[in-house]
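Top to bottom, those sequences are chains U and A.
Numbering-wise (the working numbering), the first sequence opens with residue 1 and increments by one.
Numbering-wise (the working numbering), the second sequence opens with residue 301 and increments by one.
Just so you know, these hints were derived from the structure itself, not from any lab.
What you are looking at is a predicted structure, and each value in this text was computed from that prediction instead of being measured.
Among the hints, erroneous ones may be present.
[Unchecked claim] Distance condition first, Cα-Cα at most 20 Å in a straight line; then the derived PhoX-like pairs of lysine-lysine: (1) U/296 to A/557; (2) A/596 to U/257; (3) A/417 to A/431.
Number of protein chains: 2
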Amino acid sequence: MPLLVVGSVAIDNVQTPVERRDNVLGGSATHFSIAASFFTGVRLVGVVGDDWPEQHTRLLNGRGIDTSGLQIVPGGKTFTWTGRYEPNMNDRETLDVQLNVFGEFDPKLPESYRQAKYVFLANGVPAVQSKVLEQVPGRRLVVADTMDLWINIMRDDLDALLKNLDGLVLNDSEAKLLTGTENLVAAGRAVQRMGPKFVVIKKGEHGAMFFGEHETYVMPAYPTDRVVDPTGAGDTFAGGMMGYLTEQDSFDAETLKTAMAYGIVAASFNVEGFGTERMQQISREDIEKRMSEYRKMLSF
Amino acid sequence: MPLLVVGSVAIDNVQTPVERRDNVLGGSATHFSIAASFFTGVRLVGVVGDDWPEQHTRLLNGRGIDTSGLQIVPGGKTFTWTGRYEPNMNDRETLDVQLNVFGEFDPKLPESYRQAKYVFLANGVPAVQSKVLEQVPGRRLVVADTMDLWINIMRDDLDALLKNLDGLVLNDSEAKLLTGTENLVAAGRAVQRMGPKFVVIKKGEHGAMFFGEHETYVMPAYPTDRVVDPTGAGDTFAGGMMGYLTEQDSFDAETLKTAMAYGIVAASFNVEGFGTERMQQISREDIEKRMSEYRKMLSF
Numbered sequence: 001m002p003l004l005v006v007g008s009v010a011i012d013n014v015q016t017p018v019e020r021r022d023n024v025l026g027g028s029a030t031h032f033s034i035a036a037s038f039f040t041g042v043r044l045v046g047v048v049g050d051d052w053p054e055q056h057t058r059l060l061n062g063r064g065i066d067t068s069g070l071q072i073v074p075g076g077k078t079f080t081w082t083g084r085y086e087p088n089m090n091d092r093e094t095l096d097v098q099l100n101v102f103g104e105f106d107p108k109l110p111e112s113y114r115q116a117k118y119v120f121l122a123n124g125v126p127a128v129q130s131k132v133l134e135q136v137p138g139r140r141l142v143v144a145d146t147m148d149l150w151i152n153i154m155r156d157d158l159d160a161l162l163k164n165l166d167g168l169v170l171n172d173s174e175a176k177l178l179t180g181t182e183n184l185v186a187a188g189r190a191v192q193r194m195g196p197k198f199v200v201i202k203k204g205e206h207g208a209m210f211f212g213e214h215e216t217y218v219m220p221a222y223p224t225d226r227v228v229d230p231t232g233a234g235d236t237f238a239g240g241m242m243g244y245l246t247e248q249d250s251f252d253a254e255t256l257k258t259a260m261a262y263g264i265v266a267a268s269f270n271v272e273g274f275g276t277e278r279m280q281q282i283s284r285e286d287i288e289k290r291m292s293e294y295r296k297m298l299s300f
Numbered sequence: 301m302p303l304l305v306v307g308s309v310a311i312d313n314v315q316t317p318v319e320r321r322d323n324v325l326g327g328s329a330t331h332f333s334i335a336a337s338f339f340t341g342v343r344l345v346g347v348v349g350d351d352w353p354e355q356h357t358r359l360l361n362g363r364g365i366d367t368s369g370l371q372i373v374p375g376g377k378t379f380t381w382t383g384r385y386e387p388n389m390n391d392r393e394t395l396d397v398q399l400n401v402f403g404e405f406d407p408k409l410p411e412s413y414r415q416a417k418y419v420f421l422a423n424g425v426p427a428v429q430s431k432v433l434e435q436v437p438g439r440r441l442v443v444a445d446t447m448d449l450w451i452n453i454m455r456d457d458l459d460a461l462l463k464n465l466d467g468l469v470l471n472d473s474e475a476k477l478l479t480g481t482e483n484l485v486a487a488g489r490a491v492q493r494m495g496p497k498f499v500v501i502k503k504g505e506h507g508a509m510f511f512g513e514h515e516t517y518v519m520p521a522y523p524t525d526r527v528v529d530p531t532g533a534g535d536t537f538a539g540g541m542m543g544y545l546t547e548q549d550s551f552d553a554e555t556l557k558t559a560m561a562y563g564i565v566a567a568s569f570n571v572e573g574f575g576t577e578r579m580q581q582i583s584r585e586d587i588e589k590r591m592s593e594y595r596k597m598l599s600f
């Protein structure tokens, strides 16, 4: 049961209080795919320029990630993001964004992708996210991410998208912005009234909150003191969550909760290295081991 | 098995985005005692002026809180705090502090208090906190709170106190200030190396972290959208935690974890009303009910 993801594929330049790293493999769909690949086959839709290192494609393919939906634009340049993290490692400043070929991204799904049942629309232009949906008529579970930029400048398109989602994943400041509500519990419920059947609010180092039809809960982040680079933690969370749901081929309340926990555990590994490097070092067994520590941590 | 608490007893003026309330019963020892009184008898040590409303003493006594250690200074005025909360209800500004009789607080424990085994030193001058310890020779578990002011101006006295504590409870910004460390996991462990056998970092709306000899864990706050006034939430947390430990007459790892959860649940009620008013409306049964919801929330 493969999982479809559409989103950015990028090259990042990351500056943390400890170190600066250039030309790091990044992008929302990349982080998502790698996390999901521990659980299921992934079909990736994205766009890069012909500066895209072939080794990255090999890395993705080696993990069971189908890149036949990754367009390579001849003469184009790959999306790059340059950012700097504050000493608290939770706040960051975007120093430079070069959308390049991603600015004209018009995803066309290969025929083999169109039967996907599980779909994740990683952060992107809401109208483009909606266009993807039309290309997967057999979709059973559609979850999307969004960001402050679209909330501010493309609100109508975003509102239209929200009505067609099963789930929305967004971070705490975005939930407040979208609803004009400071209390996160109230904000989560308000987002839910905009359309999605469930809403996940990501709180960075403080974990994530879930708002479903019948329940509201909070799960803390797995505590780690080895925070090297938080880039992609939110997408890794979503990848772990969606990967597990796809593997289980279920999204009932209980499975969703376990999936949230897998997402949190996956994200806790991601922050321990630059870009995707830590995720490349670990195995499903490492995830399971930390998952049982996490479960034990929350039992009393 | 009564629990001893030493700390401030105050009258607060609280301004929230919703409402302003003057002359609200407050103070660290007050919030602590009321929370602890759901679990155990409490012996309170504090000081007030003769402006102190007799009804507050009756309220405390009616809950099994012994106030024979509450000095009333003739001609003196009770400590008052005036503060305003930001719209996020997590950040606040102190508009005015009148220490009054609390500025000269020199706690003398009544003879009947000196056999206490469970002791909580609510936020106060570290040298005064240390002086209390000398008066409870049979103490088995001593936990203290502190604040940024003492970290900044009375560091030596605080360092001396830390060496004599079983546990320290402090908030996230204070833990960072005390250790010069931005990562909370690293900060918690660094505080532990300063003396206390265990450390609890309170994260407000994000819950609390525990650092013990053999374990580190995080527990989220119980999610509520009815945040009316967060004043005293940290002391209520400590009161719930210490109250449960005293009731159980145990502080092994498992009991400590359950006690953390009781503290979090108690605090979640406290924020639902001004001052102590919500805590006065609820029963142990309400706490147990929310406790099982909280336990269920964290099971997967």
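* Ascending list of hint numbers which this structure does not respect -> Every hint satisfied by this model.
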